[in-house]
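> One letter stands for each residue in the lines below.
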Amino acid sequence: MKTVKITIMKNNLFKVAFLATAAVFISCEDDDPQAVNEEEVITTVEYKLVNSADPNDEVTFTSTDNDGEGPNAPVLNVSGPLTAGATYTGTVEFLNELETPVEDITEEVLEEADEHEVFYVVNTADVSIAKTDTDDDGNPLGLDTTVTVGTAGAGTLTVVLRHEPNKPNDGSLTDAGGETDVEVTFSVTVQ
Amino acid sequence: MFQKYLWLLLLCSATLLAQDNPCEYRLHGKVIDFHDAQPLALAQIYVYQLQRTFTTNDSGEYAIDDLCAGEYRLRVSHLDCDVKEFTIVINRDTKKDFLLEHHVDELDQIQVTADVHDDHESTQSSTRISKETIESYSGATLGDALNSVAGVSALKTGNSVVKPVIHGLHSSRVVLVNDGLRQQDQEWGVEHAPNIDVNTASSIEVIKGANALRYGGDAIGGTIVISPERILVKDTLMGKVILNGQSNGRGGSVSSTFSKYRDSGWYQRGTFTYKRLGDYEAPDYVLSNTGSELGAVNVATGFKKFEYGFNINYSFYQTELGILRASHIGNASDLVRSINSGQPTVIRPFTYEVNEPKQAVVHHGLRLDGYRRIAGLGKLELDYSLQFNNRQEFDIRRGENSGRASLDIDLLTQTASAFLNIDRYENTDLEVGIDGMFQINKPDASTGVRRLIPDYNSYRIGAFASWMHQPSDQWILDAGLRYDRFTIDAQKFYIQSRWEDLGYDEQFPDFEVSETGNQILTNPQLDYNLLAFTMGAKHIFNDHYDVAINLSSANRAPNASELFSDGLHHALATIELGQLDLKQERSYKLNTTFHVNKNQLDVEVNPYFNHITDFIQLIPTGIETTTRGAFPVWQYQQLDARLLGVDVSYSYDFISKKIEELSRDDLLVTIKKIARLDGHASYIYGDDLTGDQPLIDMPPAQFTNRLTWYQLGLKNFSAFVSNQTVLAQNRFPDNDYIVTVPADNGQFEDALVRISQPPSAFSLWDVGVDYAFAKAKLALTVSNVFNTRYRNYLNRQRFYADEIGTNIQLQFIYNL
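Listed in order, the protein sequences are those of chains A and B. Take the first sequence: its letters are residues 84 to 274, numbered as in the numbering used here. Take the second sequence: its letters are residues 392 to 1207, numbered as in the numbering used here.
Any given hint might turn out to be false.
[Unchecked claim] Every beta carbon over 12 Å from chain A, so not counted as near; a handful from chain B, in silico:
| no. | residue |
| --- | --- |
| 1 | Lys486 |
| 2 | Tyr885 |
| 3 | Lys1049 |
[Stated by the list, open to error] Some chain A residues judged to face chain B by a derived CB distance under 10 Å, without partners named:
| no. | residue |
| --- | --- |
| 4 | Val133 |
| 5 | Ala136 |
| 6 | Gly153 |
| 7 | Pro184 |
[Said to hold, decoys possible] Cβ pair distances, simulated, as ranges:
| no. | chain 1 | residue 1 | chain 2 | residue 2 | range |
| --- | --- | --- | --- | --- | --- |
| 8 | A | Thr183 | B | Gly1013 | 50 to 58 Å |
| 9 | A | Thr231 | B | Glu906 | 41 to 49 Å |
| 10 | A | Ala156 | B | Ser1147 | 50 to 58 Å |
| 11 | B | Ser732 | A | Thr183 | 23 to 31 Å |
| 12 | B | Gln1138 | A | Pro138 | 30 to 38 Å |
The set of hints was computed from the structure by calculation and includes no laboratory data. Predicted model, so just to flag it, every value in this text is computed and none were measured. Ideal Cβ positions, reconstructed from N, Cα and C, are used throughout, including at glycine.
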């Protein structure tokens, strides 16, 4: 007898509960979500060198990563070799090509020059890169550079952009600290 | 050292016990609140035959000595409780606990039986944290308070984000129930602390298994039930203020609780808490940007009668907390630099200011519930709750984005449930229930950062039944069953290359909706059928020994993070990927509890075994290169896991004193504990059976011992010294990887990123004194007395900085 009673109660209870739950489950309007374009991703790094003596001697190092944090690695492109014995004027650009129009992140870096610094690391014995621009405090920034090329050879060039590094620093990555926003490595040939 | 001493005393007391004199029997035990198992101080036990009244001490303990064999009639009373009478036969030393009920309505009206170890009234392994302990953590976090329980560790991100780990498991595997409400505060995140003000808790119960089926069947680690103060049905106004100041962080907290109860059954209650801390300090440096601010309000009103009642409760919690500046890094090379430097890369002067990176969280909870007793059946309870949680995380951003949140998620949860507790059978208790949950997760699209967790709606409908039977005073049997159906309906943008790289374009073409730029909108709809059960038996051999065994099985559906994560994790420089085809995780946990309570010694040993199939865990799967450099990729994958462990806790009152005083016509007899040694230890051995290696992030072996001296010199003055020792975790999977770091000389170095090696062992000493006077208590505590430098394996920031140094805390509690 008792068991029967419980079953009946349970049935009623389930009904009540079901109604209560159903009342709560008022579905909300289903708006399709909007895609978010990463606003801070740097997809493209372009380091352009122009021979100070010969404006036609242009060498461009480009790294493009069109899927940002996606699985594809950046595509690297070096337009040609550097000329031995030449001096180049270098400018670096950081772009976000995921946005339309393309966002020029270099401008932001320039605006917040005191919070950024670009570093160039080369392991080709005879290539040296000097930063020619400074931030408001007179510390090196690194968007503009002078590249002095010696004898023929080959090696690599790494461009590193650091956010909130220690400034001033001794010019080394270790001393600068901060967080890495860009770190791309190109191969360099001098002939 | 301690152990030797303990054994010696144990031997001595055993020999004492062997003596058998006809008129020297002792009746002792505790008077406990039936409702929440809290000991009742100042309860009076009147023995008719002796015409004497005995009073319980602060721990609710009493002792009546020099009894002859025979039958005694006792009248047990307490200020707020109904008077109960008991008859007891004495023919040897006897331990008897008496249960009193504060509120008549939940009481089986016929009879309250005296029971041994009421705090273990079921077969599950559970531990309660007392009100006093909770009060001492007023200025800390809920996670810190829980860390005081054997088998519970704290998973930290710095010092402000503290999550409980039960038997090695945390986050979605631990269910938090606050005042009857299952907390829904984006608990899937390892860096998301529970949004609960510890000051609203009067009692916290930690259930180390999936036994609390009422609250869900997915508690693979365990359930934490936080209960507010019991409701009294009498005219009274109660209040409490706790002021807290601390040297480390140079701040403090204030919390006050007021309750108004009436004879008519109406009541109102409110708790208000505010806390502000600046940067914490490690022994050698300031932990820059670790300040925090917290505000919480909890108000409740209701009506309570025996037959029916209702309760409306609203809670609000808001916090802003800084994340160690040095832990925000760009890529794996930065991580190598941080690990190798041995100290944070950013150290600034102390400040109260909190900058990015930081978290800002708001949680609102509204709960309505009502009950009605049905004569001859039991109690029917209906519950509705609404929770709104907003979490914002701020990273260090550039240009016009600085100060803008990188993550901003709204989570709205509604639940409705009905429970029926059938208590009409004398030795059997039945509970059945049904509940439903509807959840909307909405990340803000205007952050300018791709959503970490997508938009989703989820639905859960579940039903459970549980049964508890006491065939005799010596046995308790229980069992339960729960079924849930869980559906998650998400709308997520994947980067097209990622969608294809994971093979989803072939596996889940049905989910594809549309393409925008290099992203693809998908609509994953996933269903899970979840079954949980528990069964157990407990045998009470006699007043001193009992043993319980419990088997529980839980099913947990993968959470949104495990399914959908895809992106860069700044604190660890990893790319974390979810997996859409994850199955539910299933655990089989066997818990055993051995309990001895003899003389002044109370020991509990809890060995357990947990076998988890399809355990979801992040596994390193490779390295990916982006413009930022190289990152290790970790993906949520499933493996079989086995956890073996043991918790031990003990307390030993090695000196106590009997105080007799004449009051009116009665002789009042109380036993006062003078010195107590207590502590707990836990050890866990976790294995990844699939990968044949140790499980990651298992809490290392640890033990805590505390010596407390009461009545030191002055009455109401006590002092303690405690030690916590955590050994190094020697069992860990080797997930180190090599990254190529550009060196300053232009060359490249292959650097090993040592993320696997746990930190060394450490031992910390705390001392404290407290003095109670009138209605107030003043407590001074010094933690980490020797300013020990250490790092904790379960702190996500162990790669960047040491833990905090010495902290002097002054606390003032005033009871109205």
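> All hints, please: hold or fail.
Going down the list of hints, with the structure as the test:
no.	hint	result
1	Lys486	holds, 36 Å
2	Tyr885	violated, 9 Å
3	Lys1049	holds, 50 Å
4	Val133	violated, 23 Å
5	Ala136	violated, 25 Å
6	Gly153	holds, 4 Å
7	Pro184	violated, 13 Å
8	A:Thr183 <-> B:Gly1013: 50 to 58 Å	violated, 32 Å
9	A:Thr231 <-> B:Glu906: 41 to 49 Å	holds, 48 Å
10	A:Ala156 <-> B:Ser1147: 50 to 58 Å	violated, 26 Å
11	B:Ser732 <-> A:Thr183: 23 to 31 Å	violated, 41 Å
12	B:Gln1138 <-> A:Pro138: 30 to 38 Å	holds, 33 Å
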